[in-house]
Amino acid sequence: MNPAEVNASSDAQISSEVMSDLPMAADHHHDEAGNSMFGFIVFLLSESVIFLSFFAGYIVYKTTALDWLPSGVTGLEIREPAINTVVLVSSSFVIYFAERFLHAKNLWGFRFFWLLTMAMGSYFLYGQAVEWRSLEFGFTDGVFGGSFYLLTGFHGLHVLTGILLQTLMLGRSFIPGNYDGGEFGVAATSLFWHFVDVIWIILFVLIYVWQ
Amino acid sequence: MMGRMNSRTVFTLGLVAIALALVSFWVGQQAYSWLPPQASAESILVDQLFSFMVTIGAFIFLGVLGALTYSALFQRAGKYDASDGPHIEGNVTLEVVWTAIPLVLVIWIAGYSYRTYDQMSILGSMEHIHMGMATAEAVSLIEDTDAISEPEPVEQIDVYARQWVWEFRYPQLNITSTELHVPNNQRIRLALHSEDVLHGFFVPAFRVKQDVIPGQVIDFEFTPIREGRYRLRDSQYSGTYFAAMQADVVVESPEDYQQWLSTTATQPPVTAYNQAFDEHQRAHNFISTGWKSVEPAPPPVVNYPSSQASNP
Amino acid sequence: MTNLSVDATAQVGQPLPGAPNNWKRFFSFSTDHKVIGIQYLVTSFFFFLVGGVFAMIIRGELITPEADLLDRTVYNAMFTMHGTVMLFLWTFPSLVGLSNYLVPLMIGAKDMAFPRLNAAAFWMVPVFGVILMASFLVPGGPSQSGWWAYPPVSLQNPTGNFINGQVLWILAVAISGVSSIMGAINFVTTIVRMRAPGMTWFRMPAFVWTVFAAQIIQLFGLPALTAGAVMLLLDITVGTSFFDPAKGGDPVLFQHLFWFYSHPAVYVIILPIFGIFSEIFPVYARKPLFGYKVVAVSSLIITGLSGIVWVHHMFASGTPGWMRMVFMATTMLISVPTGIKVFAWVATIWGGKLRLTTPMLFALGGLTMFVFAGVTGIMLASAPFDIHVNNTYFVVGHFHYVIYGAVVMGMYAAFYHWFPKMTGRMYSEGLGKLHFALTLLGTNLNFLPMHPLGLQGMPRRVASYDPEFAFWNVVASIGAFLLGMSTLPFILNMIGSWVQGEKADKNPWRAIGLEWLVSSPPTPENFEELPIVVAEPYGYGKSEPLVANADKLEVAHESR
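Residue numbers (our numbering), protein chains in the order written: chain C, 77 to 287; chain E, 746 to 1057; chain V, 93 to 652.
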């Protein structure tokens, strides 16, 4: 009935000290990292429905609106976003290598590829910002303007969240013994990153390819 | 209990079922009296459907209620009886039956409802026509195809809804009115327009209802069959004076209707009474906060201001 | 979550062994699921009373045909807030509270999977409750667009202020959504991964099945509402035109996003009530739940079907005929798994040895009201009939039979049934039966008259009506005030019995279930040793043990 034990049986990042201190930790019902990962996947599934709703809305607007593009706008430039897409999608492979290195206990290899992922993500955000600045319509310009900025902005927020999580994980990798209790934080961040990439691919097809 | 059934149990069950069926049938017949007068061809169809569903619903409800009441009255444990009931975990036959019967019932109800809806065909051509350049083209297109497939409805009337006014326009004679006049026994087609928010066109005596959606013109049809004066109510919440947004519908003989049209055509437009606008000018109620409302639209200027002006 | 953990360690919320079980823990950031459960229940009941006051003000206005008691703006704010409070601050949190208390106990876990997430989710409830109530203080008052917040009415902002009732409403609903999603993740993870040894899926109590089914709906449904709310908020605040037809937007799209969640939300509410019925009937009829496995699985079938019925709320809206027919068919189908449950309960009760205690009475009353609501529900699924009664008092009557008749009565049944477990005290049967009689009478007096009113064509949400509707409105108003009164014996009973009720032992109802094998109230971690489950959950009528280690679930000396 140690009160600390109650707190130990909790979510997200569990510190290794607590894990090794308590006899209960071995019990499969206290598989914290497993619970957390399961919960995180459930969260991502749920989160994907928000995007699905936005996508559905976009499709409805695009197929029913009479004046789809704001006057003076002919379409979206696809070249720069395509390069951006390639960078973001490749970063999914890069983050996978980072994870592999972590599994192999090669921390510096992990950090290198992890940082590379962050750089690619940041490049994507930068490219997005450049594109936004160059556009001649704003988010109040009809349903097209609104949906475009809503979708890309909401996705961009997720990319930013991913980069912040990655920064946090990078920092934590310098804590000695950080991975003794498992690699949940890294695994979850990586999964989140794949999720963000998949969403972007759908988004890219909907907004840029299907014009 | 649920196991073997002897002939006496079967007999009792059968008797109970017949009694229930008779009572349910009687309840179903009462259902007509719970509804407003049948003033449209559609109302006859809807009421029959409702009566049918009340019959079935009464059978189910009374059956369940009866079983529960019987248990509660006659199957109670004695005060000091701490024993359990029989350990019955289920009965596959019974479970199949009470899955199959409701399934058949709802398919029956759905089929009946489908037929009824089809016969009503209240939505003229369910095309959503957006305002703008395409409108005129689309309208003419739809009317052309309709003219081929079905007899042209006799009357076409434009309905304009705005916060919180109903206004009716008869395009042939360019008449406006705050009272909807329609000829008896003829198919009526309305074109529903909203100028601000969602409204709902609802005439209880006709059993028909349709949301009026800004940015779209919705064709809506029905056939009045009974002369009289009925209420038209806004059925989709439309803001502060929603409840006051009512109007009268007058069903009259085709002769009287023609008479009304020709008389009204000669009337100069006057400002009609509008309850929302009027109330907005007046003082507040018992519990009053001064919370601001959307300004009501000005009272409409029409050839025929309704004779029965005031609503509660 | 890292910051929170520091807090939680600092003020552990649990009494140390030997320390008094003091009331202050209910005001702390406790991570004990039982404390959180009671926090939810008490908070939500407070808001139930608030929503009830709004309801009585509404019925006060409707006692006469004219709009003479309140300004129309105030009336509109009242029904908007009544609906919002009752759903987001009473039914959802109260059921989450009950589930929070029961699920870990019922599946043999020491706590929820994520206790700190659990506590954080709870503390959001008072936060958004305060935000919602604060909207009474902003110029222009609270939202007046109904709990559906349909645009364009919800986009009209007569005060022109940036901070207005509608914006605060969206904010409150959004926080409620985040809280619910956090709860849903926690429940699903707990049920999937934290079951005790031997607690297979088909040994879980039916209540756990229903909670699982309900929380899955939250996970796939709520995000759609969130998406709609985000777009609505952008329309109001920064001038986008998603739902504003004047600028090319589509108000009907909002209805789809709204109902895609808000219809299944009804099942989020009713499913745990089904679970309560499934728990209570076997106990007081002394018989196993009839067709347990089918009842359990039908919850999941309801979850699946609930995602494809939403357009039945829009039969009179801008929907084409084919869509009306398709959704009529799907809606009809959902009555089949629901019917299976109803018949299973009747068969459970039939031939049992009934004990009509207060929880049993409430469950029986709730079941009866639910069957009535189900009958009118099938009628509403029929598109041509629905077109007549859509947006009339018939619908209001129907869903109040569901929400008050079945859900509130079911909640009361649960309150009484698990009161000894939660508090270690027995409630007063006399007051309980008085409460039941008043509730049953009040419910029918209040909500039955709404059916004839709707059939006659009285629209919902009206502040004034034609004099022909006066009679039934007076009856309904009397019923509403009676329902208001009916809460008094309940409150008296709960507080009085908690303070000085007779002490309850482990299992006063001789019920079968893991929660009844531990002391009342259970100790902070529920089980000293995890139970090893060896039997199905409803072994009434055959004496076999539920767990292999019943004597080791608790430490030898009583902790209190």
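Just so you know, not all the hints are guaranteed correct.
Stated by the list, open to error - No more than 35 Å apart at the CA atoms, straight line, and that leaves these computed lysine-lysine pairs for DSBU-like:
1) V/Lys-339 - V/Lys-445
2) V/Lys-385 - V/Lys-339
3) V/Lys-385 - E/Lys-824
4) E/Lys-824 - V/Lys-634
5) V/Lys-116 - E/Lys-824
6) V/Lys-339 - E/Lys-824
7) E/Lys-824 - V/Lys-445
8) V/Lys-525 - E/Lys-824
9) V/Lys-525 - V/Lys-634
10) V/Lys-385 - V/Lys-116
11) V/Lys-445 - V/Lys-525
12) V/Lys-339 - V/Lys-634
13) C/Lys-138 - V/Lys-339
14) V/Lys-644 - V/Lys-595
15) V/Lys-525 - V/Lys-116
16) E/Lys-1037 - V/Lys-595
17) V/Lys-445 - E/Lys-1037
18) V/Lys-116 - V/Lys-634
Hints in this document: simulated from the structure, not taken from any laboratory.
Q: For the pair supplied as a hint, V/Lys-525 and V/Lys-634, confirm whether the alpha-carbon distance does not exceed 35 Å.
A: Holds - the C-alpha atoms of V/Lys-634 and V/Lys-525 are around 31 Å apart, at most 35 Å.
**Q.** V/Lys-525 paired with E/Lys-824 [C-alpha distance capped at 35 Å]
**A.** The given pair, whose Cα atoms are some 18 Å apart, holds under the 35 Å limit.
Q. If you draw a straight line from the CA of V/Lys-385 to the CA of V/Lys-339, is it 35 Å or shorter?
A. Roughly 53 Å separates the two Cα atoms, so the pair is violated.
Q) Are the Cα positions of V/Lys-116 and V/Lys-634 separated by 35 Å at most? A) 43 Å, violated
(Q) What's the verdict on V/Lys-385 and V/Lys-116, does the C-alpha distance respect the 35 Å limit or exceed it? (A) Distance of about 42 Å is beyond 35 Å: violated.
Q.
So if I understand the rule, the pair passes when the alpha-carbon distance is 35 Å or less; does V/Lys-445 with V/Lys-525 pass?
A. 19 Å, holds
Q) Between V/Lys-339 and V/Lys-445, is the straight-line Cα distance small enough, at 35 Å or below? A) Roughly 66 Å separates the two Cα atoms, so the pair is violated.
Q. Given the hint that E/Lys-824 pairs with V/Lys-634, does the C-alpha gap stay at or below 35 Å?
A. 21 Å, holds
Q: Take the C-alpha atoms of V/Lys-339 and V/Lys-634, compute the straight-line distance between them, and say whether it is at most 35 Å.
A: 69 Å, violated
Q.
Check whether the Cα positions of V/Lys-445 and E/Lys-1037 lie no farther apart than 35 Å.
A. Cα-Cα ~60 Å, so violated.
Q: Below or equal to 35 Å on CA atoms is what counts here, so check V/Lys-339 against E/Lys-824.
A: Between V/Lys-339 and E/Lys-824 the Cα gap is close to 72 Å, so the pair fails against 35 Å, i.e. violated.
Q. CA of V/Lys-385 to CA of E/Lys-824, is that 35 Å or under?
A. Roughly 32 Å separates the two Cα atoms, so the pair holds.
Consistency note: the structure conflicts with the earlier hints numbered 1, 2, 5, 6, 10, 12, 16, 17 and 18.
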